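Student: Letter by letter, the chains look like this.
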Amino acid sequence: MARYALGRVGQALIVIWLAYTVVFLSVQLLPSDPVTIFLSADAAPDPAVVAAMQAQYGYDQPLIVQYLGQLAGLFVGDFGYALSAGQTVVERIGGVIGSTLELAGWAFVFAVVLSFVLVSVASLVKVRWVRAVLEALPPLFSSVPVFWVGLIALQVLSFQLGVMSIFPDGSFLSLTVPVVLLGAYVSAPIAQVLFKAIEQTYAQPFVDVLRAKGASETRIFFAHILKNSVAPAFTVMAMAVGALLAGSVITETVFSRSGLGQIVLQGVTAQDIPLVQGLVLITATAFVVFNLIVDLLHPLLDPRVLKAHPAAAGRTR
Amino acid sequence: MSKIITRSPGSRQRGAFTVGLVAIALTLSACGNGAQAQNPTTGPESAAASGEPVEGGHLVFADVVPAPRWQTQSATDYRQANVLNSVLDRLTYYDAETETLVPWIATDWSPNDDLTEWTFTIREGVTFSDGTPLDAEAVARNLQVFGEGITDAQIQPNQDYKNFVSAEVTGDDQVTVTLSEPNANFVRATSSVTSGLVAPSVFELDNAGQNDIAQVIGSGPFTFESQVPDQEIVFTAREDYAWAPETAENQGAPYLDGFTLRYLPEVGHRAGSVSTGQADLVRGIQPVDEATLEAAGHSVYAAAGTDLSSNHMAVRFENEEVSDARVRQALQIGTNREAIKQTVLSDSYQLSGSILNHGAPGFVDLSEDFAYDPERAKELLDEAGWTVGSDGIREKDGQRLELTVSASSNSVVIKPVFDLMVQQWAELGVKLTSRAGDNTFFLQAQTDETVPLYGTRAFSYGGLGPLYGSGGTLTLADDPEFDELVDRANAEADEDARNEILAEQQDYIVNEQAHAIVLWDEVQVYGAHSGTHVEFTTGAAPIFQGAWKEGE
Numbered sequence: 001m002a003r004y005a006l007g008r009v010g011q012a013l014i015v016i017w018l019a020y021t022v023v024f025l026s027v028q029l030l031p032s033d034p035v036t037i038f039l040s041a042d043a044a045p046d047p048a049v050v051a052a053m054q055a056q057y058g059y060d061q062p063l064i065v066q067y068l069g070q071l072a073g074l075f076v077g078d079f080g081y082a083l084s085a086g087q088t089v090v091e092r093i094g095g096v097i098g099s100t101l102e103l104a105g106w107a108f109v110f111a112v113v114l115s116f117v118l119v120s121v122a123s124l125v126k127v128r129w130v131r132a133v134l135e136a137l138p139p140l141f142s143s144v145p146v147f148w149v150g151l152i153a154l155q156v157l158s159f160q161l162g163v164m165s166i167f168p169d170g171s172f173l174s175l176t177v178p179v180v181l182l183g184a185y186v187s188a189p190i191a192q193v194l195f196k197a198i199e200q201t202y203a204q205p206f207v208d209v210l211r212a213k214g215a216s217e218t219r220i221f222f223a224h225i226l227k228n229s230v231a232p233a234f235t236v237m238a239m240a241v242g243a244l245l246a247g248s249v250i251t252e253t254v255f256s257r258s259g260l261g262q263i264v265l266q267g268v269t270a271q272d273i274p275l276v277q278g279l280v281l282i283t284a285t286a287f288v289v290f291n292l293i294v295d296l297l298h299p300l301l302d303p304r305v306l307k308a309h310p311a312a313a314g315r316t317r
Numbered sequence: 001m002s003k004i005i006t007r008s009p010g011s012r013q014r015g016a017f018t019v020g021l022v023a024i025a026l027t028l029s030a031c032g033n034g035a036q037a038q039n040p041t042t043g044p045e046s047a048a049a050s051g052e053p054v055e056g057g058h059l060v061f062a063d064v065v066p067a068p069r070w071q072t073q074s075a076t077d078y079r080q081a082n083v084l085n086s087v088l089d090r091l092t093y094y095d096a097e098t099e100t101l102v103p104w105i106a107t108d109w110s111p112n113d114d115l116t117e118w119t120f121t122i123r124e125g126v127t128f129s130d131g132t133p134l135d136a137e138a139v140a141r142n143l144q145v146f147g148e149g150i151t152d153a154q155i156q157p158n159q160d161y162k163n164f165v166s167a168e169v170t171g172d173d174q175v176t177v178t179l180s181e182p183n184a185n186f187v188r189a190t191s192s193v194t195s196g197l198v199a200p201s202v203f204e205l206d207n208a209g210q211n212d213i214a215q216v217i218g219s220g221p222f223t224f225e226s227q228v229p230d231q232e233i234v235f236t237a238r239e240d241y242a243w244a245p246e247t248a249e250n251q252g253a254p255y256l257d258g259f260t261l262r263y264l265p266e267v268g269h270r271a272g273s274v275s276t277g278q279a280d281l282v283r284g285i286q287p288v289d290e291a292t293l294e295a296a297g298h299s300v301y302a303a304a305g306t307d308l309s310s311n312h313m314a315v316r317f318e319n320e321e322v323s324d325a326r327v328r329q330a331l332q333i334g335t336n337r338e339a340i341k342q343t344v345l346s347d348s349y350q351l352s353g354s355i356l357n358h359g360a361p362g363f364v365d366l367s368e369d370f371a372y373d374p375e376r377a378k379e380l381l382d383e384a385g386w387t388v389g390s391d392g393i394r395e396k397d398g399q400r401l402e403l404t405v406s407a408s409s410n411s412v413v414i415k416p417v418f419d420l421m422v423q424q425w426a427e428l429g430v431k432l433t434s435r436a437g438d439n440t441f442f443l444q445a446q447t448d449e450t451v452p453l454y455g456t457r458a459f460s461y462g463g464l465g466p467l468y469g470s471g472g473t474l475t476l477a478d479d480p481e482f483d484e485l486v487d488r489a490n491a492e493a494d495e496d497a498r499n500e501i502l503a504e505q506q507d508y509i510v511n512e513q514a515h516a517i518v519l520w521d522e523v524q525v526y527g528a529h530s531g532t533h534v535e536f537t538t539g540a541a542p543i544f545q546g547a548w549k550e551g552e
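The listed protein sequences correspond, in order, to chains A and B.
FYI, the numbering for the first sequence is 1 to 317, going by UniProt numbering.
FYI, the numbering for the second sequence is 1 to 552, going by UniProt numbering.
Since the hints were made in silico from the structure, they are not lab data.
All values derive from a computational prediction rather than experimental measurement.
Each residue gets a CB set at the ideal place from its N, CA and C atoms; glycine is no exception.
Treat each hint with caution, since some may be false.
Said to hold, decoys possible - Computed Cβ-Cβ distance ranges for the label pairs, DEER-style: (1) A:L25 - B:R376: 48 to 58 Å; (2) A:L63 - B:D397: 34 to 44 Å; (3) A:G77 - B:A296: 48 to 58 Å; (4) A:V65 - B:D206: 19 to 29 Å; (5) A:V65 - B:T170: 43 to 53 Å; (6) A:P145 - B:D419: 17 to 27 Å; (7) B:A371 - A:F147: 41 to 51 Å.
Using the sequences provided together with the hints, build the complete structure.
Tutor: So, in structure tokens, the structure goes:
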């Protein structure tokens, strides 16, 4: 088990490093450069000032030196200076990440609760059409764009009914509405996978045995079916972190919220390499960590995973 | 909450106020095409009629998107200028009514005979919000930074301070700026928001510090109070403010207690925020929303950006496709501006008469010269050797007449205008690709001279030289012929003679060389909730110091 875990952690670190490197290289392919963009915002850039500034921030160094320098900086917590913001990357991101975490965190909780409630009710309800409606919801959630629903919601709640502020004002609704919209969107793949897994579990012979023993449908569902079906849903939840962060960017823009969304926009537009790198690092880390947790939980939920992984299985035997 | 002010302007001043408003109304209605849209309940006349400004209250101003940086010289766009106009004072102020520079922090100024030295007399008793004096030394230090930049803090010289040599204290309350070349227009640069004065201690900060709005210390009527990054910034009125521009109606502290800056990047939310009163003032109202707002009793203010160039496409004329002046002239007269106005603009927008706006110093109306004439445009393209190919797009030596234009996403009308021009130019046999709204491409196009067309309007406090001359920001090409026109104007002390040269400059850019395809006068359309009274600078910035809200 320990070796399985170590292997997973190692893989995770490699994924983060690769993401970082790929972004570093792809930013180099873009035309113009951060210093010229920074300076041309103020005035026609003076070539001498551009050169001096490139030297100041090390942009005049060979690529490999820049790359290694930045990488070394990471280990001492130096993520560089965000020229486009006039702040260090840590300050810039640190200043607003709380807002994104609040939105994404609650949306994630809502998404998980929503998908389990949806699936449970749909599985237990006897009325056919109710079940059909519930099953149709996740595809609907995933196909309706968040920004569109967001705009409509604001139009109705803020302008027509007047119950919600168009600006984030810390009120209950100003957090709840974006959380619900983002959460519903993120819940879709979780619920869909859960539906599929439950269908497959119901088809297994042991369910007939349980029924023959006289277990109630509710008991069969919660004690056996759900337990045997959650593993794939966990995997999707981890994947949903990506959708959650991407969705946060859109949701934040629509609801004029402070957060990583604005920074992504600003960093990419101004080709602010250190800022974009910092964001990539955070996103990749979040993604990888969640997947790692799920990977590590998997053997606990389903011991068969270890059988497919001889080294780890060998240790547990 | 709010009370009627007791130190309200006396009858004489109130008279001046009324006259001022009427003058504005006249100026605006004189713009032709009914350029100003005002509603009956909150229009200028009724504002005067409804009585004196009310003191107190807090105004919510929603701008388009957050500004990343707040260093004075970075205030080259509205996001910063709209706010810094109320936070930093300047030496001089351009008064829209009298169309002259009036005293602000400088009570007087004059050049030497050969226009290479400008001496400013500094007002007494002005303090920064941290209590330190805004005296001759502080002014000299500011001017020095504008002229030279600060290398260690990566702050570039201000582009309007070309040929700057030094700024020195030359008397108790006098500062003299020395230039290496004559510049009759130099003083105009001191009226720009990019010449906003900060406490000298700010210049000791690093780049990050100087760009942090919380650390910017000015002498203006409002000071920073708090912020949520990218979401809002709160400013508080300075109660001891007593040094407004000479012609300002309010000579004292702001009527408002403070104002909050918020953002509405989504254009569809702006009108609704005004009508529901969630924002008192919103920039960037779409033409389609103007009538709705007015019908509901709110105000639509078309704030003329006289300090800027008109909206236009700058032509990077070193690109092969547009290197022939006849091609550029064909684009100039092959553009149907009236159709643009009818289709996507509103009465708040006035079509261009030149590269300068109507009302700008030295403006000449050249609109007759570039009136819409598609037949002549086609002839010009034929003469230049561009013949219509099999698919209707012109070709020359195997090259197709395909042009790309870039523009920022922050203007509410530029994208639909360019989309319409794609159709108009197609009729001439020119394939125009509009990338308006693609901000990444826009930032690249700012310095990439291979992008042939650049859609913009630019502050022109330094005249047209910094925009269209050699080393300029728009055409990105050397133009010695235009430089000569700029130098001549700068060396001309007599205003009438200088205006004649300015007329030559405009003719050169618009007709002779067609380096700019001019479209419409710069204007920023604001929506204001009923009962909110605001006037605007010639830089289209709201003047919060004189703004007030009617009591509830």
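Student: Against this structure, judge whether each hint is valid.
Tutor: So, going through the hints one by one against the coordinates:
Between L25 of chain A and R376 of chain B the Cβ separation comes to about 51 Å, which falls inside the hinted range of 48 to 58 Å. At about 39 Å, the CB distance of L63 of chain A to D397 of chain B agrees with the hint of 34 to 44 Å. At roughly 53 Å, the beta-carbon separation of G77 of chain A and A296 of chain B lies within the given 48 to 58 Å, and the hint holds. The hint said 19 to 29 Å for the Cβ distance between V65 of chain A and D206 of chain B, and at roughly 24 Å that hint holds.
Distance hint check for V65 of chain A and T170 of chain B: the Cβ-Cβ separation is about 49 Å, which falls inside the suggested range of 43 to 53 Å. For P145 of chain A paired with D419 of chain B, a C-beta distance near 23 Å keeps the hint of 17 to 27 Å intact. Distance hint check for A371 of chain B and F147 of chain A: the Cβ-Cβ separation is about 43 Å, which falls inside the suggested range of 41 to 51 Å.
When the structure is compared with the earlier hints, no violation turns up for any of them.
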